[in-house]
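Following the hints, complete the assembly by docking chain Y onto the known chain V.
Protein chains in written order, with this note's numbering: chain V, 1 to 300; chain Y, 1 to 300.
It is possible that some hints are incorrect.
[Said to hold, decoys possible] Pairs of lysine-lysine, BS3-like flavour, derived with a Cα cap of 30 Å:
#  : chain 1 : residue 1 : chain 2 : residue 2
1  : V       : K279      : V       : K268
2  : Y       : K4        : Y       : K114
3  : V       : K241      : V       : K251
4  : V       : K251      : Y       : K268
5  : Y       : K251      : Y       : K114
6  : Y       : K251      : V       : K268
7  : Y       : K241      : Y       : K268
8  : Y       : K251      : Y       : K279
9  : V       : K241      : V       : K268
10 : Y       : K279      : V       : K268
11 : Y       : K279      : V       : K251
12 : V       : K279      : Y       : K251
13 : Y       : K59       : Y       : K4
14 : V       : K241      : V       : K279
15 : Y       : K268      : Y       : K279
[Said to hold, decoys possible] Under 10 Å between C-beta atoms, here's a sample of chain V residues computed to sit facing chain Y:
#  : residue
16 : T168
17 : S181
18 : M183
19 : E185
20 : A203
21 : D219
[To be verified] Just so you have them, the derived chain Y footprint on chain V, three or more residues with Cβ under 8 Å:
#  : segment
22 : 13-24
23 : 149-162
24 : 174-180
25 : 193-199
26 : 211-217
27 : 283-297
By construction, these hints were calculated from the structure, which means they are not laboratory data. Glycine is no exception: its CB is placed at the ideal position from the N, C-alpha and C atoms.
Number of protein chains: 2
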Amino acid sequence: MSAKTIGYVGLGIMGMPMAKNLVDAGYPVVGHNRSRDPVDELVEYGGEGAGTPREAAAKADVVITCLPDSETVEEVVLGDDGVADGLDDGEAVIDMSTISPPVAEALADRLVQKGIHFMDAPVSGGESGAIEGTLSIMVGGDEDVVDDHNDILETLGETITHCGESGTGQITKACNQLVVSGMIEVVAEGFVFAHQAGADLDAVYDAISGGSCRGFVMDHHGTHMLDGDHEPGFYSSYMYKDLSYAVEAAKEYGAPVPTTAVTHELYKSTIESGYGQEKNTAVIKVLENMAGGIDVGGDS
Amino acid sequence: MSAKTIGYVGLGIMGMPMAKNLVDAGYPVVGHNRSRDPVDELVEYGGEGAGTPREAAAKADVVITCLPDSETVEEVVLGDDGVADGLDDGEAVIDMSTISPPVAEALADRLVQKGIHFMDAPVSGGESGAIEGTLSIMVGGDEDVVDDHNDILETLGETITHCGESGTGQITKACNQLVVSGMIEVVAEGFVFAHQAGADLDAVYDAISGGSCRGFVMDHHGTHMLDGDHEPGFYSSYMYKDLSYAVEAAKEYGAPVPTTAVTHELYKSTIESGYGQEKNTAVIKVLENMAGGIDVGGDS
Numbered sequence: 001m002s003a004k005t006i007g008y009v010g011l012g013i014m015g016m017p018m019a020k021n022l023v024d025a026g027y028p029v030v031g032h033n034r035s036r037d038p039v040d041e042l043v044e045y046g047g048e049g050a051g052t053p054r055e056a057a058a059k060a061d062v063v064i065t066c067l068p069d070s071e072t073v074e075e076v077v078l079g080d081d082g083v084a085d086g087l088d089d090g091e092a093v094i095d096m097s098t099i100s101p102p103v104a105e106a107l108a109d110r111l112v113q114k115g116i117h118f119m120d121a122p123v124s125g126g127e128s129g130a131i132e133g134t135l136s137i138m139v140g141g142d143e144d145v146v147d148d149h150n151d152i153l154e155t156l157g158e159t160i161t162h163c164g165e166s167g168t169g170q171i172t173k174a175c176n177q178l179v180v181s182g183m184i185e186v187v188a189e190g191f192v193f194a195h196q197a198g199a200d201l202d203a204v205y206d207a208i209s210g211g212s213c214r215g216f217v218m219d220h221h222g223t224h225m226l227d228g229d230h231e232p233g234f235y236s237s238y239m240y241k242d243l244s245y246a247v248e249a250a251k252e253y254g255a256p257v258p259t260t261a262v263t264h265e266l267y268k269s270t271i272e273s274g275y276g277q278e279k280n281t282a283v284i285k286v287l288e289n290m291a292g293g294i295d296v297g298g299d300s
Numbered sequence: 001m002s003a004k005t006i007g008y009v010g011l012g013i014m015g016m017p018m019a020k021n022l023v024d025a026g027y028p029v030v031g032h033n034r035s036r037d038p039v040d041e042l043v044e045y046g047g048e049g050a051g052t053p054r055e056a057a058a059k060a061d062v063v064i065t066c067l068p069d070s071e072t073v074e075e076v077v078l079g080d081d082g083v084a085d086g087l088d089d090g091e092a093v094i095d096m097s098t099i100s101p102p103v104a105e106a107l108a109d110r111l112v113q114k115g116i117h118f119m120d121a122p123v124s125g126g127e128s129g130a131i132e133g134t135l136s137i138m139v140g141g142d143e144d145v146v147d148d149h150n151d152i153l154e155t156l157g158e159t160i161t162h163c164g165e166s167g168t169g170q171i172t173k174a175c176n177q178l179v180v181s182g183m184i185e186v187v188a189e190g191f192v193f194a195h196q197a198g199a200d201l202d203a204v205y206d207a208i209s210g211g212s213c214r215g216f217v218m219d220h221h222g223t224h225m226l227d228g229d230h231e232p233g234f235y236s237s238y239m240y241k242d243l244s245y246a247v248e249a250a251k252e253y254g255a256p257v258p259t260t261a262v263t264h265e266l267y268k269s270t271i272e273s274g275y276g277q278e279k280n281t282a283v284i285k286v287l288e289n290m291a292g293g294i295d296v297g298g299d300s
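In isolation and in its complexed conformation, chain V is listed as follows (with noise of 0.2 Å):
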């Protein structure tokens, strides 16, 4: 058998590198963005160009989208000169973007009405994953239809977890965020707590970083916060889209969360404040300036 030919919807910032390893690994790889500069670079890196996503589509046995939200992803695949259009019987979608997992169940329902498999496919491990093709990606989709692709997710991923049917990866990726985002949050406040009632944040992270508090989230967010170091890394402003994802889904299924709400107008207003440019840890910033414009990274 044959390489399939990939069609490459979206190079940004992870859409680019990931393209672009496909290639490396020998792949027919077809890209269209909406501006044409990177289809320009992928084409001088081994890869064909495509005008609509639908002419990518044409001549690919599978599409992978990776687009900034929802919206973008169902205009691409089943909006005018789509991606559905180009497609043929029994080929397939791979929708690598962070959206909306009542909107990745919709579109999979679609899909399959035009004969087309649908696997939803969010990852995590940034900029740095993507170029380094050691991404976890989350898979939701039909079990055959996940194996038919392993050795394209292989290509780009080091963890693929197949999380069951088709929406189940977007599931699974919201889950992750609500989780991460609320452990950020409130080390946030413990911090700020612990500067406004006059503690040495340095004895305070060394007593509870060792014990039940201690984790990916104390050990990297914690302390970046405590350097007062907010270079991105994970923009604020795709938490807050992440955690918008979550709550709308949240509410869909009949699931309460209390302490997600909150975390999620924590970080609309941390890009309200101006830091939604800056990483997720930036909203310490927000509560920073509810405690009267203290600097907690100024502390350490």
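Chain Y only, in chain V's frame:
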């Protein structure tokens, strides 16, 4: 220098094994407890008994208190027949209870006026840590005074962190409880969300526990929730008490605690729903009830 004689007030689940460890280490220990049976048990173990906190203090060079709440500590230390009345100038109180940080600071001030040293030294590590002498102890107090009692602290715990002046031990403990409870609560929200969305919770756990959510809370509290295992462990009612101190202290210090305030309310509901004597993971039952009486632990 011969070993200090230690008064020990509060021979409960935590206090009794700590007092016995001091006897084992060769310290003369004079125990007092509101009810008499634990005093008899300590005497049988090789300690001495006292009828009042004052009597224990009068026979001792340093008094350790290990009591349920702020009010009891204030009463035992400063009340009639209290510890302060029995100690001489330059002797010391080590309060190993978890109490309100501002109360600890006020207690320190009152004792200093009487010429008595005060250290707040709350612990984490639970009953097993108390029995095995492996507690983590967060100490606030003058450096010289803490150094002078380090042999005692090292008999009781494995990790001794000197956090700063009097009160900073309780501030650090409150910060720890605020952060860990928020982490537990948001993991609970994540699992209830994933359950309501129809996802396979074992797959969700596998996908998110290896990534940015990884750590002690996910490994321990997370798996206990998925197993439906809420055997104590650390009672939900104790977590509620600790959070009450944190929220009160946050008001006193001018620290915003938007998600902790919600988590505090959810632990109140945990108690009001009859789960106070279950482990602090039982907060998930409040969310399960809010979602219409589901059982996440029944999924796995």
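Exercise for the section: Go through the numbered hints given earlier and state which of them the structure violates, listing their numbers in rising order. Expected result: 10 and 22
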